[in-house]
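Asker: Going line by line, the protein sequences match chains A and B.
Heads up, the first sequence is in the working numbering, so the first residue is 1 and it goes up one at a time.
Heads up, the second sequence is in the working numbering, so the first residue is 1 and it goes up one at a time.
Don't read these hints as lab results, they were simulated from the structure.
In this text, a Cβ means the ideal position worked out from N, Cα and C, and glycines have one as well.
Any given hint could be a false lead.
Stated by the list, open to error - Result set (SDA-like, lysine to any residue): computed pairs, CA atoms no more than 20 Å apart in a straight line: (1) B:Lys-130 with A:Met-152; (2) B:Lys-130 with A:Thr-158; (3) B:Lys-130 with A:Gly-250; (4) B:Lys-66 with A:His-244; (5) B:Lys-50 with A:Asp-241; (6) B:Lys-127 with A:Ser-193; (7) B:Lys-15 with A:His-244; (8) B:Lys-130 with A:Ala-157; (9) B:Lys-50 with A:Gly-250; (10) B:Lys-127 with A:Glu-160; (11) B:Lys-62 with A:Gly-102; (12) B:Lys-15 with A:Asp-119; (13) A:Lys-18 with B:Lys-6; (14) B:Lys-62 with A:Thr-243; (15) B:Lys-45 with A:Val-249.
Unchecked claim - Residues from chain B that face chain A, not an exhaustive set, calculated with beta carbons under 10 Å: (16) Trp-22; (17) Val-24; (18) Ala-81; (19) Val-84; (20) Trp-86; (21) Val-90; (22) Glu-126.
For reference, the chains in residue letters:
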Amino acid sequence: MGKRVGIVGVGQTHHRSKRMDVNGVELINEAVMRALDDAKLTREEIDAIVIGNMDHFEGINYVDTWSVDGSGAYMKPIMKLTTGGTTGATVGINAYYHAASGLFDVVMAIGWEKNSESDTTGAISTCANPWLERDFFAGAIGPLATAATMYMQRYGATEEDAAIVAAREHNNALNNPHAHLRMKTTVEDVLKSPMLSYPLHLLDMCPRSDGACAVIFASEEKARKIADRPAWVHTTVTRHDFTHFGDLVGWERMPTLYSASKEAYKMLGIKNPLREIDVMELYTPCSWSGLSWMESLGVCGLGESIKLNREGVYDMDGELPINPSGGVICTNPIGATGLIRIAEAALQVMGKADKRQVPNVKTALATGFGGCSWTDLMILGETPR
Amino acid sequence: MAEEKKELLTISSGKMWQPYNWAVGRYWSRFFAELRDNKRIMGTKCPKCKCVYMPPREVCGKCFAKMDEWVEVSDKGRIAAFTVVWFPHVDPNTGELKEPSPYTSVWVHLDGADTYLMHYLDETDEKKIKIGMRVQAVFSEERKGSIHDIKHFKIIE
Numbered sequence: 001m002g003k004r005v006g007i008v009g010v011g012q013t014h015h016r017s018k019r020m021d022v023n024g025v026e027l028i029n030e031a032v033m034r035a036l037d038d039a040k041l042t043r044e045e046i047d048a049i050v051i052g053n054m055d056h057f058e059g060i061n062y063v064d065t066w067s068v069d070g071s072g073a074y075m076k077p078i079m080k081l082t083t084g085g086t087t088g089a090t091v092g093i094n095a096y097y098h099a100a101s102g103l104f105d106v107v108m109a110i111g112w113e114k115n116s117e118s119d120t121t122g123a124i125s126t127c128a129n130p131w132l133e134r135d136f137f138a139g140a141i142g143p144l145a146t147a148a149t150m151y152m153q154r155y156g157a158t159e160e161d162a163a164i165v166a167a168r169e170h171n172n173a174l175n176n177p178h179a180h181l182r183m184k185t186t187v188e189d190v191l192k193s194p195m196l197s198y199p200l201h202l203l204d205m206c207p208r209s210d211g212a213c214a215v216i217f218a219s220e221e222k223a224r225k226i227a228d229r230p231a232w233v234h235t236t237v238t239r240h241d242f243t244h245f246g247d248l249v250g251w252e253r254m255p256t257l258y259s260a261s262k263e264a265y266k267m268l269g270i271k272n273p274l275r276e277i278d279v280m281e282l283y284t285p286c287s288w289s290g291l292s293w294m295e296s297l298g299v300c301g302l303g304e305s306i307k308l309n310r311e312g313v314y315d316m317d318g319e320l321p322i323n324p325s326g327g328v329i330c331t332n333p334i335g336a337t338g339l340i341r342i343a344e345a346a347l348q349v350m351g352k353a354d355k356r357q358v359p360n361v362k363t364a365l366a367t368g369f370g371g372c373s374w375t376d377l378m379i380l381g382e383t384p385r
Numbered sequence: 001m002a003e004e005k006k007e008l009l010t011i012s013s014g015k016m017w018q019p020y021n022w023a024v025g026r027y028w029s030r031f032f033a034e035l036r037d038n039k040r041i042m043g044t045k046c047p048k049c050k051c052v053y054m055p056p057r058e059v060c061g062k063c064f065a066k067m068d069e070w071v072e073v074s075d076k077g078r079i080a081a082f083t084v085v086w087f088p089h090v091d092p093n094t095g096e097l098k099e100p101s102p103y104t105s106v107w108v109h110l111d112g113a114d115t116y117l118m119h120y121l122d123e124t125d126e127k128k129i130k131i132g133m134r135v136q137a138v139f140s141e142e143r144k145g146s147i148h149d150i151k152h153f154k155i156i157e
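The following block holds chain B by itself, in its conformation from the complex (with noise of 0.2 Å):
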């Protein structure tokens, strides 16, 4: 009898790849064509704590109170918080490494929203990054009707 072998194997599932198409719904499909078409940042606001969800849904989850009201937001706000993301990590949407690398994830607090905007800032220096800096959306020439037809942030100030 052959002598028994101790190496431990693994089983690699190679490049695993699964498209999905995502309906949106009324109130994305509103938005983002909003977005693109016209360059307007879109929100709803809840008829009970008048709070103006950016992006927008239906729903408010605090009042379960349907939202009909659409309002727009400035492309200006200002920061609320940020990170500058350094280390490397695999990309969800493509299974490759993310690109760029590092950078900059910033949560905007838009002018007249009371949520914020999840995006990217065109700064990687945390240095000259403040909480409180204003900043505007800068929209993608070609856009397609989704969050990256704005294509970053920028400082303003």
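Isolated chain A (complex conformation) (with noise of 0.2 Å):
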């Protein structure tokens, strides 16, 4: 077992679709000093750094070298990571990896993204297997729709039970000032907006965004010497599946999030999601899988998450509030979209998140997905464990 693991610090920049005014090394260090703001921490306290993004974006290789002097990692060990839309997850989950492992106190995880320096869907298809699947892929977009056309078929699911969702984070988005998009929506709205790939509309897609974010991870001890009220990490898992795209049969129940879910659960005896878990910020890169992927983490059973949606469960002042920061749909530069999914939930925990605060959050579920078909998951609580 690793020691035990609270986040004492968070700091994000104010996302947009092109930040002019800032490169790269800039940007980085806009997210690591309000982190380090909001710890009252300097550079010298922190032990490790570990930051990642996806280089294909920028055209521009090795971050971890050219961002030392905006990352604070002078003279310290700096880690990089890539591992598609998980990213920011992932590095998320490696600096309390090293926090936990009693090597390293006090580490910071730094993800960030200018995807406004290239056409996103060109460079996303690199992933791509280039001999059988780039030329038919069409990035994020494609392989997402096609999901949906699954989902609608065997479960009666409507562009209308997506928009629905597509909505509402678009109005929660609202309450927070660092969303990239912040527009007041209504489900004709989204149902209007221009198709982009069968059924997917602009508006039930996320944006690319410009934008960095820093997590500050800290060793029990240390955690409660800096915060009054730090966000301790219960559990993580990573479950990584297919590389193929055609691989994905039956991906009505996406394996690695369902997988990852019923492992953390097991872990931490959580026996109802639904009712044990306050609020999750969930990598839900499109509406649909804000719909389907509820099923795969146990939220409810394969296709009631329609009924679920249409009832309100999910809404912020619902059962189980989902994505209260206007989630992925509203806020994306892919190598940060995962830590801010754990920026966000640690928020929640340690009482943080203002005007999109979910009242008396006790565990706070966050996720990354990237990949083929990958999962990236953190459970928070207020009491370390």
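Each of the two chains sits in its own frame; use the hints to bring them together as a complex.
Answerer: Okay, here's the thing in structure tokens:
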């Protein structure tokens, strides 16, 4: 068993479609300074740094080297990780691993991206097998739309069911000053927005953003000294499966999310996630994921999410609020996106989520999504365990 | 001293181009050669879970078992899922906008295979496409040993 670890500081930029005023180092520094301010720490008190993004979006490799001035890593250990869309969650989980190992006490995770600097779909497509699947794949949008047709066919979900998710998340983002897209949105607005890839409309899908996020993890003894109310890491589970999209047979239940959440609940003795988890910040890249992946998370049975969604169970005042921040469909600097989920879940547990705060959060769940169909999951709580 | 200029500049990479030469290995070499020479779609079968992987590969990741048994699968199958892609995006093979637009990306469950083949369908009206429909591979006249030796799939019902 590792040492107990708490999150003691969170910083993120005000995410935008294009940050012309800063380059990569400056963007990273903005989030790092905010996290240090939040934890009331100095650069000297950070023992190690884990940083990540997806190089092909900017076409500049090795962020661990060129960002040193801005990340605060000068003369410190810094590790770079890239795991596709899960990158942000992966850097968070690995900062946790380092603090839990006992070899480092205070570890900072940094995720960032400047998606404005290239064509996001063209860049993402370079992840797919170039001689089998790349040409048919259409970035993240294609496979997500394809999976949506499977869910529609199997359970009778409609474009309106997905639009309800999209409208809720866009309206939640109005409470989040860091969100990229902040606009009052109706179900009709979503359905009337241009079709990107049937059945996905523009407002069903995440944008591409410029932004950075930094989260500071500390071992128990340090965490208690640094923060009055740390967000304690209860567990984390990572699951990878396929590299070929054609292997995603039966994607109506996302295998990695199902496996990761089941394992995490077992570790923590969670029997009914709908009742026992107070809020979730999920890497749901499109509205359809916000509908069907709740079933993979064990919140309800297969096909049942359609009803829960219409009943308002996932609303801010519902039984299990999902993505109070507005989620990924309102903010998506890809290498930071997974870490923002952990950061937002931590803010909920720490009681620092301001206008987007869910009352009395004791347990929060965050996920990262990426690759073919991968899951990085972390559960945070108000007391250490 | 001159007044500070407040403009914010970007610098373009220009048309970056880095050609790669990928070795596809023994399994995919045979897969592409069979498409090119015999219009046959081949898979490999796992000795443990009996799953037929198409496209073929050497190792079943679930069982971590080496696959030596080659199986020919049908050029006909059913639509497992699809999307009609309307949004314009860069083709990573050329750096230009992807052509044609729109296009339909389809996951085909070929008869005899347990995984899906990702490919094009020659129908872009989503109202005319249903999951479960029968489809068949249309082979290119000039075949070069690539996934594009199958031109696209067509609906056959």
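Asker: Hint by hint, say whether it matches the structure.
Answerer: Taking the hints in turn, this is what the structure says about them:
1. Distance restraint check for Lys-130 (chain B) and Met-152 (chain A): the Cα-Cα separation of roughly 11 Å lies within the 20 Å cut-off, and the hinted pair is therefore satisfied.
2. With a CA separation close to 15 Å, the supplied pair Lys-130 (chain B) and Thr-158 (chain A) stays within the 20 Å bound.
3. For the suggested pair Lys-130 (chain B) and Gly-250 (chain A), the alpha carbons sit about 17 Å apart, so the restraint of at most 20 Å is met.
4. Distance restraint check for Lys-66 (chain B) and His-244 (chain A): the Cα-Cα separation of roughly 18 Å lies within the 20 Å cut-off, and the hinted pair is therefore satisfied.
5. Taken as a hint, the Lys-50 (chain B) and Asp-241 (chain A) pair is honoured in the structure, with Cα atoms around 18 Å apart against an allowance of 20 Å.
6. Among the hinted pairs, Lys-127 (chain B) with Ser-193 (chain A) is consistent with the structure: their alpha-carbon atoms are about 19 Å apart, no more than 20 Å.
7. Taking the CA atoms of Lys-15 (chain B) and His-244 (chain A), the gap is about 29 Å. The hint is violated against a cut of 20 Å.
8. About 15 Å separates the Cα atoms of Lys-130 (chain B) and Ala-157 (chain A), which keeps this hinted pair within 20 Å; it holds.
9. Between the alpha carbons of Lys-50 (chain B) and Gly-250 (chain A) the distance comes to roughly 17 Å, so the proposed pair stays at or under 20 Å and holds.
10. As the CA atoms of Lys-127 (chain B) and Glu-160 (chain A) are separated by approximately 17 Å, the hinted pair is consistent with the 20 Å bound.
11. Annotation: proposed proximity of Lys-62 (chain B) to Gly-102 (chain A) is violated, straight-line Cα distance about 33 Å (limit 20 Å).
12. Under the criterion of a C-alpha separation no larger than 20 Å, the hint pairing Lys-15 (chain B) with Asp-119 (chain A) is consistent with the structure, at around 13 Å.
13. Taken as a hint, the Lys-18 (chain A) and Lys-6 (chain B) pair is honoured in the structure, with Cα atoms around 17 Å apart against an allowance of 20 Å.
14. Under the criterion of a C-alpha separation no larger than 20 Å, the hint pairing Lys-62 (chain B) with Thr-243 (chain A) is consistent with the structure, at around 12 Å.
15. Among the hinted pairs, Lys-45 (chain B) with Val-249 (chain A) is consistent with the structure: their alpha-carbon atoms are about 16 Å apart, no more than 20 Å.
16. The beta carbon of Trp-22 (chain B) is positioned within 10 Å of a beta carbon in chain A (closest approach about 6 Å), and the interface hint is therefore held.
17. A hinted interface residue such as Val-24 (chain B) counts as satisfied when its beta carbon comes closer than 10 Å to some beta carbon of chain A; here the least separation is about 6 Å, so the hint holds.
18. Checking Ala-81 (chain B) against chain A: minimum C-beta separation of about 4 Å stays under 10 Å; hint holds.
19. Checking Val-84 (chain B) against chain A by beta carbon gives a least distance of about 4 Å; that is within 10 Å, so the hint holds.
20. Satisfaction of the interface hint for Trp-86 (chain B) is found here, the shortest Cβ-Cβ separation to chain A being roughly 5 Å, below the 10 Å cut-off.
21. For the restraint placing Val-90 (chain B) at the interface with chain A, the shortest Cβ-Cβ distance is roughly 3 Å, inside the 10 Å limit, so the hint holds.
22. A cut of 10 Å between beta carbons decides the hint on Glu-126 (chain B): the least distance to chain A is about 4 Å, and the hint holds.
Checked against the numbered hints given earlier, the structure breaks hints 7, 11 and satisfies all the rest.
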